[in-house]
Amino acid sequence: MKAFEYNRAASVEDAVAGAAAPGARFIAGGTNLLDLMKLQVMTPETLVDISRLPLDQVEHLVDAETRIGALVPNSDLAANPLIRQHYTVLSKALLAGASGQLRNKASTGGNLLQRTRCYYFYDPSMACNKREPGTGCSAQQGFNRILAILGTSEHCIATHPSDMAVAMRALDAVIHTLRPDGSERAIPIADFYRLPGDTPHIETVLEQGELITTITLPPPPPGVQLYRKVRDRASYAFALVSVAAVIDVQEGRIAGASLAFGGLAHMPWRDPQVEAALIGQAPSPALFDAAADALLEGARGYGHNDFKIPLARRTLAAVLRQAVEMHA
Amino acid sequence: MQLSINGETYAVEELDVRTSLLDLLRERLGLTGSKKGCDHGQCGACTVLVNGRRINSCLTLAVMHEGDEITTIEGLGTPEALHPLQAAFVKHDGYQCGYCTPGQICSAVGMLDEVRRGWASHVTDDVADAPQLDDAEIRERMSGNICRCSAYPNIVDAIREVAQA
Ligand SMILES: Cc1cc2nc3c(=O)[nH]c(=O)nc-3n(C[C@H](O)[C@H](O)[C@H](O)COP(=O)(O)OP(=O)(O)OC[C@H]3O[C@@H](n4cnc5c(N)ncnc54)[C@H](O)[C@@H]3O)c2cc1C
Ligand code: SF4
Chain D
1 MKAFEYNRAA
11 SVEDAVAGAA
21 APGARFIAGG
31 TNLLDLMKLQ
41 VMTPETLVDI
51 SRLPLDQVEH
61 LVDAETRIGA
71 LVPNSDLAAN
81 PLIRQHYTVL
91 SKALLAGASG
101 QLRNKASTGG
111 NLLQRTRCYY
121 FYDPSMACNK
131 REPGTGCSAQ
141 QGFNRILAIL
151 GTSEHCIATH
161 PSDMAVAMRA
171 LDAVIHTLRP
181 DGSERAIPIA
191 DFYRLPGDTP
201 HIETVLEQGE
211 LITTITLPPP
221 PPGVQLYRKV
231 RDRASYAFAL
241 VSVAAVIDVQ
251 EGRIAGASLA
261 FGGLAHMPWR
271 DPQVEAALIG
281 QAPSPALFDA
291 AADALLEGAR
301 GYGHNDFKIP
311 LARRTLAAVL
321 RQAVEMHA
Chain C
1 MQLSINGETY
11 AVEELDVRTS
21 LLDLLRERLG
31 LTGSKKGCDH
41 GQCGACTVLV
51 NGRRINSCLT
61 LAVMHEGDEI
71 TTIEGLGTPE
81 ALHPLQAAFV
91 KHDGYQCGYC
101 TPGQICSAVG
111 MLDEVRRGWA
121 SHVTDDVADA
131 PQLDDAEIRE
141 RMSGNICRCS
151 AYPNIVDAIR
161 EVAQA
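Quick note, the sequences are listed as chains D and C, same order.
Using the UniProt record's numbering, the final residue of the first sequence is 328, and nothing's skipped along the way.
Using the UniProt record's numbering, the final residue of the second sequence is 165, and nothing's skipped along the way.
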């Protein structure tokens with residue numbers, strides 16, 4: 001690991017001031033950053049330790065929003081009675097991720113910002129535009145079975161590995177930040193992540209030194225909430241394909257559908273056309289197929305990951321079937 | 001910097017800030033019960049308890065734990081007075097080579113506490129309900145601890161016995 005300067009932030013203001021300079025990074029749970037620093041994939045010059053800042057509460061606000069501190073550990077968020085009752089898809093997604101030990105350390109903010117598990121990104125001896133812009137993408141011709149089929153570019157086909165973020169995308173979370181100049185902003189999760197394009201090293205709209213302070217969830221949409229994760233082993237593995245769904249069926253027709261997908265793209269994926277294909281329709285295998293057609297219209301496999309196209313289709317259909325059965 | 005480990009206070013001077021909690025325990029303090037398997041959070045051999053919660057000590061910096069209460073396998077029991085989980089692992093032969101065992105046991109201690117607090121898991125039917133700790137639950141909750149000898153059936157037996165006691 002490269003040497004760095006370590007500072008423990010005394011307040012959020014102190015944190016953003018300390019991380020304003022290029023080369024500085026926040027450290028929360030450290031479970032992703034230290035992993036990458038050991039391999040010298042990430043080499044920050046300064047670490048600003050935010051782990052003791054008082055951003056560890058889950059609060060139910062008067063306007064029925066729920067506010068989650070950026071430092072709430074993943075396990076505490078999954079176990080929170082409010083989240084278990086009203087945002088079950090979020091609890092389920094969190095519990096499908098990592099291990100008990102990791103969830104105890106992983107923070108809500110850090111989970112949103114965890115980086116891709118692309119093998120070549122993790123290997124500094126290989127070309128990777130995300131790690132070192134302009135060097136090329138080893139994955140396109142390489143082992144890419146875990147990588148993306150939607151929203152890719154010729155420069156990068158990485159996926160975002162988070163389960164939690166997929167549920168938050170389905171729930172329309174809003175990410176609240178503080179910038180070094182003292183200004184705050186609220187970023188809908190739909191606008192938070194970027195597609196790789198020709199700058200795959202820039203993954204979100206956050207600026208240098210911008211601190212995630214809280215995440216808010218609007219009241220949950222009506223309907224059943226499901227999270228289905230397909231992976232290489234039954235536990236403790238990243239998603240090949242995952243679906244977060246909130247589905248409402250009224251009088252035999254789909255009245256509401258909120259669907260987000262993991263393992264398919266550089267960001268938790270959501271496509272309004274998929275939801276539009278479903279709403280107002282009576283559930284049937286043909287309808288689920290039409291929704292999958294909408295989802296996978298622009299999908300492209302890179303060899304090893306071709307299987308994700310039929311897998312995403314089947315997983316979406318299975319989730320929709322289950323949601324409808326739960327209404328019956 | 002002062003650290004509280006297994007009820008004792010350790011003063012650590014001139015610590016390289018890069019030192020993981022695991023390396024501090026093993027290399028500086030001679031507490032070699034916690035094991036280094038993968039050093040990347042993928043195997044669980046380094047599991048310790050921090051303020052009663054199980055974590056991977058390889059993926060955290062020692063300097064971040066000033067003032068925390070750390071418990072390692074050395075702090076759970078002694079050869080004369082084994083912790084119930086240590087005794088159950090011996091009784092049920094919950095290992096072959098033993099390398100993953102300290103991590104398995106620390107993890108199981110933390111896991112049983114999570115169950116007592118009513119935390120659900122990925123295999124709990126309804127996440128809003130308090131879980132019943134059947135074998136599927138034990139397996140899911142212990143999935144962060146890999147055993148290369150594959151002593152899993154005996155590990156599950158040991159943990160089940162302690163959970164039901
Ligand atoms: C073996 C293994 C298996 C895993 N499996 C899964 C899985 O199946 N599913 C899954 O979703 N995840 C999985 N993970 C990833 C895990 O969820 C992440 O490592 C974790 O969520 C990161 O959170 P952290 O607090 O530890 O982040 P850190 O490592 O502390 O930080 C990550 C990044 O976020 C930045 N950051 C942190 N907090 C803030 C903030 N408040 N504001 C601005 N920037 C911030 C840091 O600067 C850093 O760049 C796994 C990890 C491991 C090691
Ligand atoms: S897919 Fe992205 S992360 Fe992977 S090698 Fe190519 S550029 Fe790097």
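Worth flagging that the hints you see were computed from the coordinates, not collected in a lab.
This one's a predicted model, so the numbers in the text were calculated from it and none came from an experiment.
Here a beta-carbon is modelled for each residue, glycine too, at the ideal position from N, C-alpha and C.
Treat the hints loosely; a few may be bogus.
Claimed, not checked - Simulated crosslink set (PhoX-like; lysine-lysine; CA at most 25 Å straight-line):
hint: 1; chain 1: D; residue 1: Lys38; chain 2: D; residue 2: Lys2
hint: 2; chain 1: C; residue 1: Lys36; chain 2: D; residue 2: Lys38
hint: 3; chain 1: C; residue 1: Lys91; chain 2: D; residue 2: Lys2
Unchecked claim - Beyond 10 Å from chain C on every Cβ pair, some chain D residues (computed):
hint: 4; residue: Ile27
hint: 5; residue: Gly30
hint: 6; residue: Gln85
hint: 7; residue: Glu132
hint: 8; residue: Ala186
hint: 9; residue: Gln250
hint: 10; residue: Ile279
hint: 11; residue: Ser284
hint: 12; residue: Ala299
hint: 13; residue: Pro310
So, against the hints stated earlier in the document, which numbers end up violated here? 3, 4, 5 and 6
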